[in-house]
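Protein chains: 8
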Amino acid sequence: MRELLESVAAGELSIEQAEAELAGYATGETGRFDAARGSRTGVPEVILAAGKTPEETASMAALAVETTDRAIVTRVDSPTAAAIEDRLAQAHPEATIDHTDRSETLVIHGPSFDPPTLDADVGIVTAGTSDAGPAGEAATIVSEMGAHLTRIDDVGVAGIARLIDRLELCRSQDVLIVAAGREGALPTVLAGLVDVPLIGLPVSNGYGYGGDGRAALSGMLQSCTPITVVNIDAGFTAGAQAGLIARGFDTARSD
Amino acid sequence: MRELLESVAAGELSIEQAEAELAGYATGETGRFDAARGSRTGVPEVILAAGKTPEETASMAALAVETTDRAIVTRVDSPTAAAIEDRLAQAHPEATIDHTDRSETLVIHGPSFDPPTLDADVGIVTAGTSDAGPAGEAATIVSEMGAHLTRIDDVGVAGIARLIDRLELCRSQDVLIVAAGREGALPTVLAGLVDVPLIGLPVSNGYGYGGDGRAALSGMLQSCTPITVVNIDAGFTAGAQAGLIARGFDTARSD
Amino acid sequence: MRELLESVAAGELSIEQAEAELAGYATGETGRFDAARGSRTGVPEVILAAGKTPEETASMAALAVETTDRAIVTRVDSPTAAAIEDRLAQAHPEATIDHTDRSETLVIHGPSFDPPTLDADVGIVTAGTSDAGPAGEAATIVSEMGAHLTRIDDVGVAGIARLIDRLELCRSQDVLIVAAGREGALPTVLAGLVDVPLIGLPVSNGYGYGGDGRAALSGMLQSCTPITVVNIDAGFTAGAQAGLIARGFDTARSD
Amino acid sequence: MRELLESVAAGELSIEQAEAELAGYATGETGRFDAARGSRTGVPEVILAAGKTPEETASMAALAVETTDRAIVTRVDSPTAAAIEDRLAQAHPEATIDHTDRSETLVIHGPSFDPPTLDADVGIVTAGTSDAGPAGEAATIVSEMGAHLTRIDDVGVAGIARLIDRLELCRSQDVLIVAAGREGALPTVLAGLVDVPLIGLPVSNGYGYGGDGRAALSGMLQSCTPITVVNIDAGFTAGAQAGLIARGFDTARSD
Amino acid sequence: MRELLESVAAGELSIEQAEAELAGYATGETGRFDAARGSRTGVPEVILAAGKTPEETASMAALAVETTDRAIVTRVDSPTAAAIEDRLAQAHPEATIDHTDRSETLVIHGPSFDPPTLDADVGIVTAGTSDAGPAGEAATIVSEMGAHLTRIDDVGVAGIARLIDRLELCRSQDVLIVAAGREGALPTVLAGLVDVPLIGLPVSNGYGYGGDGRAALSGMLQSCTPITVVNIDAGFTAGAQAGLIARGFDTARSD
Amino acid sequence: MRELLESVAAGELSIEQAEAELAGYATGETGRFDAARGSRTGVPEVILAAGKTPEETASMAALAVETTDRAIVTRVDSPTAAAIEDRLAQAHPEATIDHTDRSETLVIHGPSFDPPTLDADVGIVTAGTSDAGPAGEAATIVSEMGAHLTRIDDVGVAGIARLIDRLELCRSQDVLIVAAGREGALPTVLAGLVDVPLIGLPVSNGYGYGGDGRAALSGMLQSCTPITVVNIDAGFTAGAQAGLIARGFDTARSD
Amino acid sequence: MRELLESVAAGELSIEQAEAELAGYATGETGRFDAARGSRTGVPEVILAAGKTPEETASMAALAVETTDRAIVTRVDSPTAAAIEDRLAQAHPEATIDHTDRSETLVIHGPSFDPPTLDADVGIVTAGTSDAGPAGEAATIVSEMGAHLTRIDDVGVAGIARLIDRLELCRSQDVLIVAAGREGALPTVLAGLVDVPLIGLPVSNGYGYGGDGRAALSGMLQSCTPITVVNIDAGFTAGAQAGLIARGFDTARSD
Amino acid sequence: MRELLESVAAGELSIEQAEAELAGYATGETGRFDAARGSRTGVPEVILAAGKTPEETASMAALAVETTDRAIVTRVDSPTAAAIEDRLAQAHPEATIDHTDRSETLVIHGPSFDPPTLDADVGIVTAGTSDAGPAGEAATIVSEMGAHLTRIDDVGVAGIARLIDRLELCRSQDVLIVAAGREGALPTVLAGLVDVPLIGLPVSNGYGYGGDGRAALSGMLQSCTPITVVNIDAGFTAGAQAGLIARGFDTARSD
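From first to last, the protein sequence lines stand for chains V, Z, U, A, H, D, R and C. For the first sequence, counting from 1, position 77 maps to 77 in UniProt numbering; every step adds exactly one. For the second sequence, counting from 1, position 173 maps to 173 in UniProt numbering; every step adds exactly one. For the third sequence, counting from 1, position 89 maps to 89 in UniProt numbering; every step adds exactly one. For the fourth sequence, counting from 1, position 77 maps to 77 in UniProt numbering; every step adds exactly one. For the fifth sequence, counting from 1, position 109 maps to 109 in UniProt numbering; every step adds exactly one. For the sixth sequence, counting from 1, position 124 maps to 124 in UniProt numbering; every step adds exactly one. For the seventh sequence, counting from 1, position 59 maps to 59 in UniProt numbering; every step adds exactly one. For the eighth sequence, counting from 1, position 150 maps to 150 in UniProt numbering; every step adds exactly one.
Same shape as in the complex, but just chain V (with noise of 0.2 Å):
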């Protein structure tokens, strides 16, 4: 403790950083960030971007760069990401920005960012193209949780076909997160011919009644063969709880 408050004394550890060493979580301008979530529930703290100014986004974004030596973003339209960039350039300029417009997903890494790793297998299947935003939100998750992460995409029932042929690939992951939209029953047909924890993830496309994701997201909930399931579009749900599976698998392969 002392030793901290002295670094702190030294300007050698800002005052955000103490904070979240000592307390947990740091202060902001704009909010707080709960830097120890990652070591508490084995998921990083995670920023949504959706319901906040781009300056508070861009605010916090560095807040979480400054204490854990990463940020992810999620639900990042254009002017979020811009003023995220401007913000790091000033505040962070030697670290890395990766921003994908089609999952909507911003992540950055300090200089000093040490990625981890896991000895577990996830499969993220989708059922069309129009899926590619939410699975794409789902694999930035995984992949920063540090799992070894497999594509395996456009298997929808509409031609199951297409699914029959991988199969197999399907079998060989330790859990898989399968997202489909309209009436969603790609992970109700696979989960009947795998052994495998499998996630359903509910896609917002179709229109009418059903539409948004709610045929999908109801058919999943009712689904004839046992899944689990998140909300409509919630990729980074799916992901965090995938990436937690693979980490205890993890651990076990490693005891």
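Everything labelled a hint here was simulated from the structure, so no lab data went into it. Hints should not be assumed to be uniformly reliable.
Pairwise CB distance ranges, derived in the manner of DEER restraints [said to hold, decoys possible]: (1) U:Leu22 with C:Glu85: 53 to 59 Å; (2) Z:Ser254 with A:Thr100: 50 to 56 Å; (3) R:Glu29 with H:Asp114: 32 to 38 Å; (4) D:Glu168 with A:Asp77: 38 to 44 Å; (5) C:Ser39 with D:Asp77: 24 to 30 Å; (6) C:Glu85 with Z:Ser254: 30 to 36 Å; (7) A:Arg166 with Z:Val8: 50 to 56 Å; (8) U:Asp77 with V:Pro93: 36 to 42 Å; (9) D:Glu94 with C:Arg253: 43 to 49 Å.
Derived, one-sided and incomplete: chain H residues facing chain D with beta-carbon distance under 10 Å [said to hold, decoys possible]: (10) Gly28; (11) Thr30; (12) Gly128; (13) Ile152; (14) Val157; (15) Gly159; (16) Ala180; (17) Gly208; (18) Gly219; (19) Ser223.
Where is the CB? At the ideal position from N, CA and C, for every residue including glycine.
Once you have looked at the hints, place chains Z, U, A, H, D, R and C on chain V.
Chains Z, U, A, H, D, R and C in isolation, oriented as in the chain V frame:
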């Protein structure tokens, strides 16, 4: 016309029969029976017992037999079946009554009823045992309209091998009705594998969010393979439209 | 097989064409095109632009032309139409493109495309001018499947004389698609007057409670005359099933 | 005032009667009866039995007879009817009780009750037998308000000839109440054919999506012909407003 | 008949006018105009611009003027108003156009239009400034049908003194339309204080649960005082039924 | 601590009492009773019988008496009341049990229970007789928390004079709970006339659209006068918060 | 009275001021301003800009300043703010305008406005940065009513240590407003730890099923700890009721 | 194969057993039993009694025992349990039947059944007594799949100390199932405190808006800490996926 009135005067024709022939419908104690519906729309008038008292339904059924030599009643519970049987025992003791508990249908044939036959095949496919009720209601109508009926039961997508094993039988039908509850994925998957018209029939099993057939209905409406749909548990509607398609095939074949 | 591989080696057959012939589907940059769907299900594969970026849709459309000499795209907005036109101008300059604004459909025919024809009549009936979009989408698919198409427009039940005046034309069709918004009563009324299969197509006009087509959809599902239904604005689905029924009639007539 | 108090003192006027005359309402054991409602709003106060215990309803009914020489009770089940009959037998043995099972209404007239009459015609139209309950509730109120009532039953749109046959009768009414369940299309169609005020009364039959009268209600609210609407099964409300319109006609005619 | 055809031959009568007179409706480029609706139902045909392109609406409006010397258009946005004005400037330069922004209505009177007048009073009551749009739409129709119109604005229940101060004015009307958003309590309260027919018009303000007029609609449908209701923002519907009631009173008074 | 353990060893203190004092909660056969809730949150722990078996509820009630000398149980049906009475007769024969049918509440006081009193007035206002259940549940909690309770019943807005007559009584309370079903307008109207905190309590009467209290809830949430709200029929919740406000006033007054 | 009329005649009092003093409300160009609401209900009249045109809102704001020396406007977008500023610059150039973007509130104080003060503490607690808008709206009203305000931000349950660290501050308030979106668990958890009145304020963030604040609202209504609730984003309502409770404390303390 | 057929011929193997071994499923009187599901998906086939008649369920249960030496049945009411017991007493008198009322599960083990064991810990956490049913259903499946099960009951967030006291036990599990009704906040709070996979199980208690588990489901789907979710009361689904995760751990540990 004069002839008809003379028959009434002579007591050879009841008032109801005469009214049905002149106006297209007959008026009983509790409502009108649309006796001309069969010839006008190709689908015989069916009496929906739900929402009527047992006595009202029995009265309508007797009126139907009186004017068309047949009565088809759906959603028949036990008190209604008893009321019909009582009424018929008095009014038309020679008629045959066929009441099926599981599908809640009741069919009466008068002694001179001449059943139609169509040169066309209707297949009724079910996902599981719980779909027996609505599928049975559909089967009743299809049979009464005269089509050749094939049942293909218990081929839900949880174990897709069961479906694959019966695919050729499905493909050989002229039209398919596919009944499924829970997530209702079976019609979607099957429609990607056959090239005949397919009517999805959602069934009201399942619980929680999307229960009571809502997930099945919305999934079928959102299906990534094109199918038509009827309301939850609407076996009669599915059967009647399949019967109309069969009727068209019959005509086309006899051209 | 050997022949096919020799064609690829000789550059006479593209990799996509060969893959489509062997596996049933072809893999492009942004997804797989189910080239075998037409022969397997009787309905050509259709690309739904909604939920895809303009570039993804354009890439899929080019792949469709490459493997089946035709592309059918629905829910096409202006940027997507432009992206497709750009792409085709480069890849298949000899193809003809037919883009209809009101129905948001776009059809491409390659130079060697041989359009199918079916000996069967499909009628598309609308209640009013506001139903033009979904009715047009249905018309496109019906035509592409080769059926003979008749439009019977603007016969909503508010002035029932308009409907009565065209009843014989309705009765002479092999199958009817009936599009209506607001309370959606037209298919219910018409189905009580004709003896051919009838598919209700609810349209998303109307406002307030039951708006956006929900009243029309629920009214058609509850119809006191038996009809099948598709989702709100699902012109493609209605057209594809009408096309399948027409296809069956065509086969039956040519037996 | 003094006179009134003298009557109370003399036992010629009950406390309840006196309170009703002074304050406009009377206070019983279980609530207040708004005795002045009839003169204030033109619609007599009606007791809704649903949500009250049989004893509470019986107590209110007695209070109504006490202060206005009449009680009108809706949604009366068997135990409630029995409780009212018991109570009245003791308190007002000379009153006449009219309880209708199908419409769940109960009307009590005290010996000195003087029924109103209006010079105006109210027509109540039903689509089918299942609409008898709410239509009967409406009929009770219309009659109690004194209008001349005509029933036009069983003219649903599935067989539109039944409606056309009774069109002139419909046109000759001053105001129409049109009851329908399922898709509820009858008021929409009828309002396009008559030029009198028309109130749609949705009925809670039908099942699945849009069941329990929801499709009928939303269809009537979306109707492409302008009509006003009351809640599902709200026969009393429809009857009361039709009665108020009839009352206006009566006044206008007697001007 | 011969006379009419001679007029067409002589160019004195357009084809549209002749068709309207013979068939009851006229066919333009984009739909049919139900010219006979006014005489058949008492309510003039109104063109709903929502769901039509500006050009379609303009074409229908011109057809309306051509056959009935008047056009009434609702839900008119700026591009539609411009399209109508352009069209009319060419086709009927002598017509007067009255476009009201707040209520999104547009009325055209041809030079020989003869406005109707009814001996009856319609009151339109609003809870607040936000109800101006739908109330204005109702006012337009009431006026075009010829009733005498009184506006009673800004008397919402939050400050009930404002309502009490105008109660006599409300009571002196023949029929009331009462517009309210949010919780929509005004028609309920007012209907307990007046003895004339009352139509509730729910307005789509308010946010969160029950927003967009849903709380107002459901509250009016549940009202403990009996009122009829129209859909959310359905000013035209409320006005047309109020107009029909006024029309009946006018007839009764002139008897 | 030592003292407490000695009491247990001596049999003077039950294990449950000791656990409750040490941990804040006591563990019985079927769950834990949060004995410290009263002192921690100001609201005594209440046992919700719904969702528990009669035996589970009875066991929890006995545990409550054991540790806090009182039990308050809500949503008590007849079998549950019987089970509690049986259990208490054995375990705590000296306790008094107060079971109110209409509000489904049951309160047990042990012989040494010392009831709290607060110097603050809570008014409970109801629109009609049907609101008696939830209003009674609220009254029970308010009384058990010690506030002075005033009931102001049957003042619904259908006859607004009844409300005006009792306005001064309403204004003299420190806080009001206002219960109403159907359209639930009473709290909105009353909140425009008083200057004390007001909690809306929607009641599950009413039928059709917005029935079961949904219209009342959404109307109160949308109220044009500011009020807070609790869930449908949540009398306990309304009473507990009114009690907390009363508790604050009591403290402020005794400062 | 005479005095007041003399002031008007002398031009010392505007017509609006005189009307407000006599009738309780003042009539402007676009509506009535309930000037007496503050004294009648304890909560100043607030102008809701949503649903009004910018000009209507500006006119109402000027009328408010004219009659009560203050205007409070909520849901103010940029065009509305500009319209108000323009209007005030002309009509009341000496007034101060305070417009807060994040909470969309605008407050105007005339030069002679005398702000109230209450001896009571209101705490506003937020789960995260996304709750800033509605929390800010609540804060504006609380301040304008004169209570002492404390903000306790960013203490959501995902990292419960942040909440525990500020528990004593929460406990020391007289009343709490707790704003949360997503699943809205914060008020439930906090209400189990404090003994002061607590108002839950659900916030419209979150997406998919239960998005737009619906999960937060329903969770707060179902809370296993008793809390009162306001509508989604209804900061004004929460603030006004907290202010009324504070006002009661102030009175109690000054007794 | 030949061997198998010889066994059938010799009567050593029933037809059902032979079919199950060859086709993967066995056909009984009322449906097919997917005997291969356990080896194919890792989760044994479970019979859902809801939607089946008691006789159908009993027949399926006997078929399950016949082919896999075990039957697991969920949603078992009393008549169904009786039918199964009758059937088993005749067909498999040596089998043991374990029927749990509270969770409505019934498990049958044949005499030669060899229970699996997994080296992995599954914790099932409940908020309160009302969650016992679904939690028990989950426990049954987890046990039947062979995982080590720990119950952590009655730790709802209303008294958060109860949860904190058991946090280490929660953290030591390999995977958690967390059951909660009402607002369902427990899984959200717990997921912020542990670093193992967590499955939320919403329970259908609660009433009013968000009742029947809807608030719990939507709150878990919106949770600000990432969790996966199953449908309301879907104990089997939660247990099966937890079992699959446990199975993965078991494999990883034995590598």
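Hints that the structure is at odds with (numbers, increasing): Hints 5, 6, 7, 9, 10, 11, 13 are the ones this structure does not satisfy, whereas the remaining hints hold.
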